[in-house]
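For the sequence shown, UniProt numbering assigns the number 1 to the initial residue and increments by one for each residue that follows.
Take every hint as true, because none was put in to throw you off.
Just the calculated beta-carbon pair ranges, DEER-fashion:
1) Asp71 with Glu15: 30 to 36 Å
2) Asn68 with Val3: 27 to 33 Å
3) Thr80 with Gly16: 15 to 21 Å
4) Tyr12 with Glu67: 25 to 31 Å
5) Ser45 with Pro14: 26 to 32 Å
Read the hints as simulated data drawn from the structure, not as lab findings. All C-beta atoms, glycine included, are put in the ideal place defined by N, C-alpha and C.
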Amino acid sequence: MPVIKVLPHPEYAPEGAEIQAQPGDSICEVLLDNHIAIEHACDMSCACTTCHVIVREGFNSLNELDENEEDLLDRAWGLTPQSRLSCQAIVARDNLVVEIPKYSINHAKEKH
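Using the sequences plus the hints, can you model the full thing?
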């Protein structure tokens, strides 16, 4: 069973976390099921960027990005080549290291 290592985040995972995941689940589902309350304003329908994560390890094991996710990611705060929307990134068999960016588009709009 793959493990998702979540790097420390001051709001969502102050100590970081290591979570066992089921292949076929989205990263967002796994985080939420394990009490890491990542934002997901569109209810995981791939209509926003609030669940943006950076996959530091294991990126290539995830399902391919579709055109809709690619278009949305262009609007994500702190976009990197390893960025994914966690609601669309499906866990496979490899372990992952995931960083939740310090800010989301919501934080930017709220001027944090």
